[in-house]
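Spelled out, the chains give:
Number of protein chains: 4
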Amino acid sequence: MSEIPEIIQELIKFRDARDWEQFHNPKDLAVALNIEAGELLEVFLWKSPEQADPDKVREELADVLAYAFLIAEKYQLDIKEIMLEKIKKNNEKYPIDKAKGTAKKYTDL
Amino acid sequence: MSEIPEIIQELIKFRDARDWEQFHNPKDLAVALNIEAGELLEVFLWKSPEQADPDKVREELADVLAYAFLIAEKYQLDIKEIMLEKIKKNNEKYPIDKAKGTAKKYTDL
Amino acid sequence: MSEIPEIIQELIKFRDARDWEQFHNPKDLAVALNIEAGELLEVFLWKSPEQADPDKVREELADVLAYAFLIAEKYQLDIKEIMLEKIKKNNEKYPIDKAKGTAKKYTDL
Amino acid sequence: MSEIPEIIQELIKFRDARDWEQFHNPKDLAVALNIEAGELLEVFLWKSPEQADPDKVREELADVLAYAFLIAEKYQLDIKEIMLEKIKKNNEKYPIDKAKGTAKKYTDL
Numbered sequence: 116m117s118e119i120p121e122i123i124q125e126l127i128k129f130r131d132a133r134d135w136e137q138f139h140n141p142k143d144l145a146v147a148l149n150i151e152a153g154e155l156l157e158v159f160l161w162k163s164p165e166q167a168d169p170d171k172v173r174e175e176l177a178d179v180l181a182y183a184f185l186i187a188e189k190y191q192l193d194i195k196e197i198m199l200e201k202i203k204k205n206n207e208k209y210p211i212d213k214a215k216g217t218a219k220k221y222t223d224l
Numbered sequence: 116m117s118e119i120p121e122i123i124q125e126l127i128k129f130r131d132a133r134d135w136e137q138f139h140n141p142k143d144l145a146v147a148l149n150i151e152a153g154e155l156l157e158v159f160l161w162k163s164p165e166q167a168d169p170d171k172v173r174e175e176l177a178d179v180l181a182y183a184f185l186i187a188e189k190y191q192l193d194i195k196e197i198m199l200e201k202i203k204k205n206n207e208k209y210p211i212d213k214a215k216g217t218a219k220k221y222t223d224l
Numbered sequence: 116m117s118e119i120p121e122i123i124q125e126l127i128k129f130r131d132a133r134d135w136e137q138f139h140n141p142k143d144l145a146v147a148l149n150i151e152a153g154e155l156l157e158v159f160l161w162k163s164p165e166q167a168d169p170d171k172v173r174e175e176l177a178d179v180l181a182y183a184f185l186i187a188e189k190y191q192l193d194i195k196e197i198m199l200e201k202i203k204k205n206n207e208k209y210p211i212d213k214a215k216g217t218a219k220k221y222t223d224l
Numbered sequence: 116m117s118e119i120p121e122i123i124q125e126l127i128k129f130r131d132a133r134d135w136e137q138f139h140n141p142k143d144l145a146v147a148l149n150i151e152a153g154e155l156l157e158v159f160l161w162k163s164p165e166q167a168d169p170d171k172v173r174e175e176l177a178d179v180l181a182y183a184f185l186i187a188e189k190y191q192l193d194i195k196e197i198m199l200e201k202i203k204k205n206n207e208k209y210p211i212d213k214a215k216g217t218a219k220k221y222t223d224l
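Residue numbers (our numbering), protein chains in the order written: chain A, 116 to 224; chain B, 116 to 224; chain C, 116 to 224; chain D, 116 to 224.
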């Protein structure tokens, strides 16, 4: 089994051992993801990027990823496929000659 | 190459072709992740979980994952490793006999 | 003094007694606001709207409002003015005859 | 009528003219608040605090405040009262002699 399905299998095993699927509707999973994204952001609050504690980033990023993977599983989305597909779309949205060296949003290019 | 490093390699290729590493400090990556998590959440706003458009979930989830993977890369974190490690920790934080069937936070178990 | 300036004055007094203005640049205030918005959202996680604890809503909402008011102060924005102005704009963006009874975004009306 | 009730009255008038109370359960209002907080944060993305566009801050902050005020109304919370109460609590949580000049969280003081 490749990596991503293996991780998802472990997440599901953890969830099902606790009978938590009943709570994991996709809306609450998206809510949980936002809460965890906020906790990850808190590692950087009032700090320069360099001052953030890497061990805390590690902890909080794992939580963010867990909910992201569970949402993918809920919709039977293939994570590699949707990410490569998005990179392809962004290649068109942000053509290199226009986007190079600027942080502007595609709507402002 | 296994899946996750392959995806990260594509993200980096996209980033470097646009000379965007200069903007991608970890704090702004965490900011970007929160913005994308908000956009994913918007797919569910004023709706029951079933009413959300799966195609929009697909799009927004890919953006969330992209920034999560870029943060992992920035700190040289192995995504599979940190996720399995977190599941192990949560196994202790949420013992099956106490956590089964309840959505309570570990602090309230 | 009317209510809003009075609240802001108390927030500033609290901040300045701790010499915290040095940390309160507008970007970190917006980061802090997002973290607090996430904590407010957590009160509703895995729950129906009715199951949320009103005392926790009270606590977390106060934190959200504090950072929102501090951002207003930072840019010398008059909270009443910007809110009434926005309602006026939304009156045009969401004409009653098109928006009545539907939760659609203005871009989909 | 004082300022805050006056603003809330305008928000309710806008809402009721569109028959939107049916969508405004407190959980979705908290979801909406998070989405708007993310849009406010986007004004600062990839930028130093000084580079953010004040006109965009004004727009997005008004949206954040609107949902915060609507949540207060939903729970019949007096905004001034809960904010002053929170400042009082924070005065105890962050004693001046320990908190002065440091951005540490109260749990680390």
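Be a bit skeptical, because a hint or two may be false.
Where chains are identical, the list cannot tell them apart; a pair therefore holds if satisfied intra-copy or between any two copies.
[Stated by the list, open to error] In the BS3-like style, the derived pairs of lysine-lysine whose C-alpha atoms are separated by at most 25 Å in a straight line are: (1) 195 - 213; (2) 220 - 204; (3) 195 - 162; (4) 204 - 215; (5) 204 - 189; (6) 220 - 128; (7) 220 - 203; (8) 189 - 203; (9) 208 - 220; (10) 171 - 208; (11) 203 - 213; (12) 213 - 171.
It should be emphasised that the hints constitute simulated quantities derived from the structure, not laboratory data.
As the structure is a prediction and not an experimental result, all values here were calculated from the model.
| query | Any hints this thing doesn't respect? Which numbers, in order? | reply | 1 and 3
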